[in-house]
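Residue numbers (the numbering used here), protein chains in the order written: chain Y, 270 to 777; chain P, 270 to 777.
To be clear, the hints were calculated from the coordinates, so they are not data collected in a lab. For glycine and all other residues, C-beta sits at the position ideal for the given N, C-alpha and C. Some hints here could point you the wrong way.
[As the list claims (entries may be wrong)] Within a straight-line C-alpha distance of at most 20 Å, the following computed SDA-like cross-link-like pairs (lysine to any residue) qualify:
| no. | chain 1 | residue 1 | chain 2 | residue 2 |
| --- | --- | --- | --- | --- |
| 1 | Y | Lys380 | P | Lys353 |
| 2 | P | Lys380 | Y | Ser388 |
| 3 | P | Lys382 | Y | Ala362 |
| 4 | P | Lys353 | P | Lys407 |
| 5 | Y | Lys380 | P | Ala386 |
| 6 | P | Lys382 | Y | Ser388 |
[Unchecked claim] Covered, in the sense of this in silico footprint (three residues per stretch, anywhere, with C-beta under 8 Å from a C-beta of chain P), are these stretches of chain Y:
| no. | stretch |
| --- | --- |
| 7 | 343-355 |
| 8 | 365-379 |
Residues per chain, in single letters:
There are 2 protein chains.
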Amino acid sequence: MSNPAAQKTAITPRRDEDFPEWYQQVVRAAELAEPSDVRGCMVIRPWGYGVWENMQRQLDAMFRATGHRNAYFPLFIPLSYFAKEAEHVEGFAKECAVVTHTRLEVGADGKMKPASALSEPLVVRPTSETIIGATYAKWVQSYRDLPILINQWANVVRWEMRPRLFLRTTEFLWQEGHTVHETEAEARAETQQMVDVYAKFAREHCALPVFIGEKSDSERFPGAVQTLTIEAMVQDRKAIQAGTSHFLGQNFARASGIQFQSREGKQEYGWTTSWGMTTRMVGTVVMMHGDDDGLVLPPRIAPTQIVILPITPKDETRARVLEACDALQLQLRGKQFGDAPIEVEVDRRDLGGGVKNWEWIKKGVPIRVEIGPRDLETSSVAVSRRDQPVKSKDSMSIQEFAAVAPELLMSIQQNLYDRAKKFQEENTRVIESKKDFYDFFTAKNSNKPEIHGGFALAHWDGSREVEEQIKKDLKVTIRVIPSGESEPGKCIFTGQPSARRVVWAKSY
Amino acid sequence: MSNPAAQKTAITPRRDEDFPEWYQQVVRAAELAEPSDVRGCMVIRPWGYGVWENMQRQLDAMFRATGHRNAYFPLFIPLSYFAKEAEHVEGFAKECAVVTHTRLEVGADGKMKPASALSEPLVVRPTSETIIGATYAKWVQSYRDLPILINQWANVVRWEMRPRLFLRTTEFLWQEGHTVHETEAEARAETQQMVDVYAKFAREHCALPVFIGEKSDSERFPGAVQTLTIEAMVQDRKAIQAGTSHFLGQNFARASGIQFQSREGKQEYGWTTSWGMTTRMVGTVVMMHGDDDGLVLPPRIAPTQIVILPITPKDETRARVLEACDALQLQLRGKQFGDAPIEVEVDRRDLGGGVKNWEWIKKGVPIRVEIGPRDLETSSVAVSRRDQPVKSKDSMSIQEFAAVAPELLMSIQQNLYDRAKKFQEENTRVIESKKDFYDFFTAKNSNKPEIHGGFALAHWDGSREVEEQIKKDLKVTIRVIPSGESEPGKCIFTGQPSARRVVWAKSY
Chain Y
270 MSNPAAQKTA
280 ITPRRDEDFP
290 EWYQQVVRAA
300 ELAEPSDVRG
310 CMVIRPWGYG
320 VWENMQRQLD
330 AMFRATGHRN
340 AYFPLFIPLS
350 YFAKEAEHVE
360 GFAKECAVVT
370 HTRLEVGADG
380 KMKPASALSE
390 PLVVRPTSET
400 IIGATYAKWV
410 QSYRDLPILI
420 NQWANVVRWE
430 MRPRLFLRTT
440 EFLWQEGHTV
450 HETEAEARAE
460 TQQMVDVYAK
470 FAREHCALPV
480 FIGEKSDSER
490 FPGAVQTLTI
500 EAMVQDRKAI
510 QAGTSHFLGQ
520 NFARASGIQF
530 QSREGKQEYG
540 WTTSWGMTTR
550 MVGTVVMMHG
560 DDDGLVLPPR
570 IAPTQIVILP
580 ITPKDETRAR
590 VLEACDALQL
600 QLRGKQFGDA
610 PIEVEVDRRD
620 LGGGVKNWEW
630 IKKGVPIRVE
640 IGPRDLETSS
650 VAVSRRDQPV
660 KSKDSMSIQE
670 FAAVAPELLM
680 SIQQNLYDRA
690 KKFQEENTRV
700 IESKKDFYDF
710 FTAKNSNKPE
720 IHGGFALAHW
730 DGSREVEEQI
740 KKDLKVTIRV
750 IPSGESEPGK
760 CIFTGQPSAR
770 RVVWAKSY
Chain P
270 MSNPAAQKTA
280 ITPRRDEDFP
290 EWYQQVVRAA
300 ELAEPSDVRG
310 CMVIRPWGYG
320 VWENMQRQLD
330 AMFRATGHRN
340 AYFPLFIPLS
350 YFAKEAEHVE
360 GFAKECAVVT
370 HTRLEVGADG
380 KMKPASALSE
390 PLVVRPTSET
400 IIGATYAKWV
410 QSYRDLPILI
420 NQWANVVRWE
430 MRPRLFLRTT
440 EFLWQEGHTV
450 HETEAEARAE
460 TQQMVDVYAK
470 FAREHCALPV
480 FIGEKSDSER
490 FPGAVQTLTI
500 EAMVQDRKAI
510 QAGTSHFLGQ
520 NFARASGIQF
530 QSREGKQEYG
540 WTTSWGMTTR
550 MVGTVVMMHG
560 DDDGLVLPPR
570 IAPTQIVILP
580 ITPKDETRAR
590 VLEACDALQL
600 QLRGKQFGDA
610 PIEVEVDRRD
620 LGGGVKNWEW
630 IKKGVPIRVE
640 IGPRDLETSS
650 VAVSRRDQPV
660 KSKDSMSIQE
670 FAAVAPELLM
680 SIQQNLYDRA
690 KKFQEENTRV
700 IESKKDFYDF
710 FTAKNSNKPE
720 IHGGFALAHW
730 DGSREVEEQI
740 KKDLKVTIRV
750 IPSGESEPGK
760 CIFTGQPSAR
770 RVVWAKSY
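Whenever a hint applies, use it, and build me the whole structure from the sequences.
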């Protein structure tokens, strides 16, 4: 049965028709990114990169406020360094890109080819624990040199066989924090602090409700003792890991030789952590907030928060309309939202008003403001919020709008979070039996077969066997073992004792 | 003969003893950067990266103000793409790092080795004209899609046989602008605009006086029609290229297939430009402003502009001193300098006052302020400017200092520029004969054999033969053909007609 209303959406297919394809179409329509001709590598277009720059700036301020400074380490890691930590190299071996040659020269067939073989191959960093560890080993001599609290903004490469824009790409952008501490307790506190920073950033800046907690052993970072994570649920009810913080114990310190003289005069290995968030966050925002008309951006991370659309049907009123638009822009730019002045753009392009309006809808700009000749007569503007139906408009006086713009933006930010939180709650269920669990993830009574159950909170006995069975049967894994007080119970699969319910879901 | 005064400098050797070694020592002592274990790749430490971050933020604002937006393109370039522009691939062939394999596996000897050969090798970008061109070819259909005005902040790799921190490294950080225009005139105007942006940035932000102009054919960017450059003179009187802007004509548009339908309905190739500035700028600042006690930073790019050093000889006054320091910090942070609030740090570390003071001297922080118990009694502070002799201190009231701090910083900024400008002028000479030219670059009457002549302004007939002879004889090249009105004359080497004097120098 056809649905006439649905046919009018700007994005085809709709979310409930084909979520993965809808996602690709939203990313394209918003001009966030596109695949490049290099397999698995994407081009991040200005609008997408603008979102990432906002994320960077805001996250960076949070890192600075917690005492971290930025630095930069080499892109290449000598193979022998990379192999120092056994679990680590094993975990990343399949994903490495390797530089084996330098120089190009013309071959016998007249084509350019690699010329000089390196004596030791170089791995293009998939993550930098080993190369940064080698440097820290030189810096750290005494407990007085600790802690080292450094972050790096960089590109990394993990060869990807099934790439998807932002979610899984061979090259991606990220930040990686790498710290060294005198004691285990300090390193554990740092690991917790940084996952809390990620949670705050996800919630308050990206409007993403998240679960915080620990990964099970099978999902731990290769070489880590403990991995903490924030996990979001997007609109197809799958989980997505949005940031991780690893307590590395003394594993990497031992591998890299990070040793120091302790307060007691003994030689000890440092305690290290690492933590990262990536351009995947942009994809997570798309999947969480987007609708059938395209992207919906939380105001705090939108490159343009308010777009002013001049309506200029007649040449004789054009100049006055544009003047009013510019005046409003100037006024709005003088106002603060979040950590920076409001970003306002006047779209002066000589295109039809409808075309321009739909472009901005698809790009997810939080507020659109139309000003036409008739509005000038009444000193009013027509205001549309991207979190409301696309055709809805509020008429208000220019002065009133200028006064309330920051609150409007904040209200959109809050509404997106509340909506996402409600969605997450509606699709998170405490499950007490194996049968209910299997039903939750396989239910056929839904007429939306692509919709997965959501988050199941269920007791688990801590065994890897159970995890593997569930993964095999349902493609469901433990996404996070929530922090907080334990609530003992019994594993719904084995009846063995369980310390707390854990979060199970299908995932990206 | 020993020089007792000179022995007291914080850096050994002094500039006039061994400039290259002095440079390395300043970079190390200021904790700007250090070599990594990956040949040719450096580690940029927090203080050095902080300088780069300031450069980035300020330059980025200038790019935005001229209509550019940031984006991100792949690190890897398929070899066949890279080879599309013949001069280009030839120019970079010797410097390419090449990814030939993915995956690691355990070899017969039990060691990890590269496992899967790629069907087409990937060049790690040494610059991105070809990979960005391939994307622009998809974006550009009509003149309505032009101009494209995009910049990228990225790492690039050019294999370096004789690396030097910041000046020549295998991996370096930079920005690369890549634009496409409808007409030759627009593209040429963009090329000029961006070199002017670089000149303004160098002069006003980095306190570097520069010559602006064109490169001779032999120094052009491989594949460009014209390369504009800014060229600075550092303290050993050598030239250093500090930023370049290339007019690429239709060469890369042709190679990448960037075609559009013109206003007249014809298919035409776009006119492209590219322009870049790198982490080499950090090294240039070191070589221009540093002295025998270490780094001297222009206030606008210093990560910390004012450091407050609490003098706390006695426990009983410690708390009050620290309180006064914190209060002053808070007051200063409320003041603007350049585009941001003043960056102020209170160094509370439990080290000797002399040790701390010398650390900050070597790091080149523009203003050091000491507050001790006796200062509290008189509500005064002892202020030291890094552009003055290190032992000089000005006593002034706390309130006065807080009031004049922004002007003090601006005065240091201006003084560094004036000093550098004077040095450049003193070492730039109009030369009218071949003999004087050779004498200028080989004079033996100086007791400083490591000192090179400086900049020679001399007429040149435009021939490559002359350039090659001079390079062979003196290691001197044409650094820049200055812009502006021509002043015809005769080549000092051949007597042939010359349109203007050009700048000759030894160079980095």
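Discussion item. Would the hint linking lysine 382(P) and alanine 362(Y) be met if the CA-CA limit is 20 Å?
Written reply: With Cα atoms ~10 Å apart, lysine 382(P) and alanine 362(Y) stay inside 20 Å; holds.
Discussion item. At least three residues with a C-beta closer than 8 Å to a C-beta of chain P: is that true for the stretch 365-379 of chain Y?
Written reply: holds (count 10)
Worksheet entry | Pair hint outcome, lysine 380(Y) versus lysine 353(P) [Cα-Cα no greater than 20 Å] | Judged against 20 Å, a Cα distance of about 11 Å means the pair holds.
Fill in: Restraint status (C-alpha distance of lysine 353(P) to lysine 407(P) at most 20 Å)
holds, 17 Å
Worksheet item: Does the alpha-carbon distance linking lysine 380(P) and serine 388(Y) stay inside the 20 Å limit?
Response: holds, 14 Å
Worksheet entry | Within 8 Å of chain P's CB atoms, at least three CB atoms from the stretch 343-355 of chain Y: coverage verdict | holds (count 9)
Worksheet item: Regarding the pair lysine 382(P) and serine 388(Y), is the alpha-carbon distance no greater than 20 Å?
Response: holds, 12 Å
Discussion item. Holds or violated: lysine 380(Y) and alanine 386(P), Cα atoms, limit 20 Å.
Written reply: This hinted pair holds, its Cα atoms lying about 18 Å apart.
Taken one by one, the earlier hints all hold for this structure without exception.
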